[in-house]
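A.B. asks: Residue numbers (the working numbering), protein chains in the order written: chain L, 1 to 266; chain A, 267 to 675.
To be clear, the hints were calculated from the coordinates, so they are not data collected in a lab. Note that beta-carbon positions come from the ideal geometry of N, C-alpha and C, so glycine has one too. Please note: incorrect hints may appear among the correct ones.
[To be verified] Stretch-level coverage of chain A by chain L, calculated; a stretch enters the list once three of its residues show a Cβ under 8 Å from a Cβ in chain L: (1) 448-462; (2) 479-493; (3) 556-568.
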Amino acid sequence: MSARATIEQARREGRAALIGYLPVGFPDVATSVAAMRAMVAGGVDVVEVGLPYSDPLMDGPLIQRATEAALAGGVTPADGLTAVREVAAPALVMTYWTLVDRYGVARFAADLAAAGGAGAITPDLIPDEAAAWHAAADDHGLDRVHLVAPTSTPERLTLAARSSRGFLYAASLMGVTGERDVVSTTAKDLVARAKEVTDLPVCVGLGVGTGTQAAEVAAFADGVIVGSAFVRALMDAPDPASGVAAVEAVARELAAGVRKPSGVEA
Amino acid sequence: MHGQAVRTPLTGRTGPYFGGFGGRFIPEALVAALEELDAAYRDALSDPDFMARLDELHRTYVGRPSVITEAPRFARHAGGARILLKREDLNHTGAHKINNAMGQALLTLQMGKTRVIAETGAGQHGVATATAAALLGLDAVVYMGEVDMRRQELNVVRMRLLGAEVIPVTSGSRTLKDAMNEAMRDWVTNVENTHYLIGSAAGPHPFPTMVRAFQQVIGEEARRQVLALAGRLPDVVCACVGGGSNAIGIFHAFLDDPEVELVGLEAGGDGVETGRHAASVSGGALGILHGNRTYVLQDAHGQTMESHSISAGLDYPGVGPQHAWLHDIGRARYRPVDDAAAMEAFALLCRTEGIIPAIESAHALAGAIQEGRRLGPDGIVLVNLSGRGDKDVDTAARYFGLLEEGSGS
């Protein structure tokens, strides 16, 4: 199933979708894949498979530490495709663009589709630079998810929405990945502005880490994207098995959150 | 002769692409700031008031124009060719970096921002940024790899004396590239009041073009000065290339003089064949780093590899996109100079001319020795002496064993 169909199914159930990110290869490939499967068992609807990169300039310290460890363990983009193949949910690869550039854009799209992947999220590939990716994604029916930010002008929101398929990723605050104490107040405004220019589902990422925050975001967004909270669960665990169990528990809390949105929908 | 196949004026190129290089590979959150910057610097360059202010700062504060020094005793080791040194080392703060820092700091005021951040490797760009910020009343934060902080301690102290906050970067290889990652993270978080004062002719558009615009004064002065001194243009212009700001600064005025060969000297470290080097054009592959497509030292999967050089300022695994393009079209040649050759040229300039160069610039001097030998006594080689070597005396002392009893005689 595509990411969009899954998110729209959630909407029919009267809730927001839950999208979970983990980088492949942390603490090792097998554990990361098991954790992604546990995420789905715990209630994650769509999985973001992160490809670790040496210069993750959009990630905060927590994900940096995890991806540095994954790279030290020798993880490669091919391991990301393995993870895509093994999770029992729509899976999107989340990657810095130079890795795909090196892999070969057409080959990446073909291999991702062959692995059963839904598409890719490209945080440092703005639509202006994405012609080759758009063509390759189209050839293989893949989702192409671009990001919008609080600083995006109406023109750029429109460009990102027109360039995206699957959903639109609203990076809800100015900053890098990582949990925050409070959900950014800019998130709701950004989603509203995006909704004015697109029918695509709009999902919110950056800074969401608890069930309460998920409930808050679920009141105005079609999907809630969580990364660092899952990574922390793996990182803080004394051993891989309890890490995987902790990931599932985090997913359950968040899944409950997206099912009882708090606040009044605008 | 290089460059004859290219007919359109090369000096007119302003990005965002240089052939297949350059562009903007950055988060959407930064697009608005890059658009604002693009408009602001273009306006500034055509604003007589802005340019007059910058020119005044150049003359009364930086010490421009920097002089040309002929190096006849050094030249004896370079085939007898005339060796002309463009003395960017004599600028205030001791390197070419101040040209760009002053321009961008003025631009920061123009944009109504109050805080500048910068990355630094050798510390020269950090010192230049801290200096410009102190002069113009801006807050300054400089990100510097932990490894570089150790090898360029003097510059860390200088930045702190100038009132800048120096933040050690402990991620990745703990050098220049990681400092740049950390600065980008700061920028995306604080973009509303903060300008990222990139020091190299790299990064997302418009940085490569804007940094070149603020550095091209080097070549404009040098071209006039060499004509006045020698009655003709030089045969070769040599400059060291890390990210490549001093090189593009001196090359730019000569781009459309096809008879002038442009030679960029990259940091060869232990030798390109050892894999321990920082020569992105000579030993890298096409990739994306810090927002632009260029030559990058990367592994088979696209992961950036650590660069190695005795010179912190050249220890960067990418290169400005305009250099990548000049290499591709054959207008400039790029070749590596290993640590040993650079240190030999460093020592030679000290002893023959009484000038202690930055180790970065010593790579250009090593290139000039080779070019001079090739050209012989009729040749003229212009070298961008991009910085002074005070910051490098510890490294040099260790390299040459100068702190041991009875050494240096």
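A.B. asks: Now look at each hint and say whether the structure bears it out.
C.D. replies: The hints, checked one at a time:
1. Check result for the stretch 448-462 of chain A against chain L: holds, 7 residues qualifying (beta carbon to beta carbon below 8 Å, three or more required).
2. Counting residues of the stretch 479-493 of chain A whose C-beta sits closer than 8 Å to any C-beta of chain L gives 0, which falls short of three, so the coverage hint is violated.
3. Requiring three or more residues with a Cβ within less than 8 Å of a Cβ of chain L, the coverage given for the stretch 556-568 of chain A holds, as 8 such residues are present.
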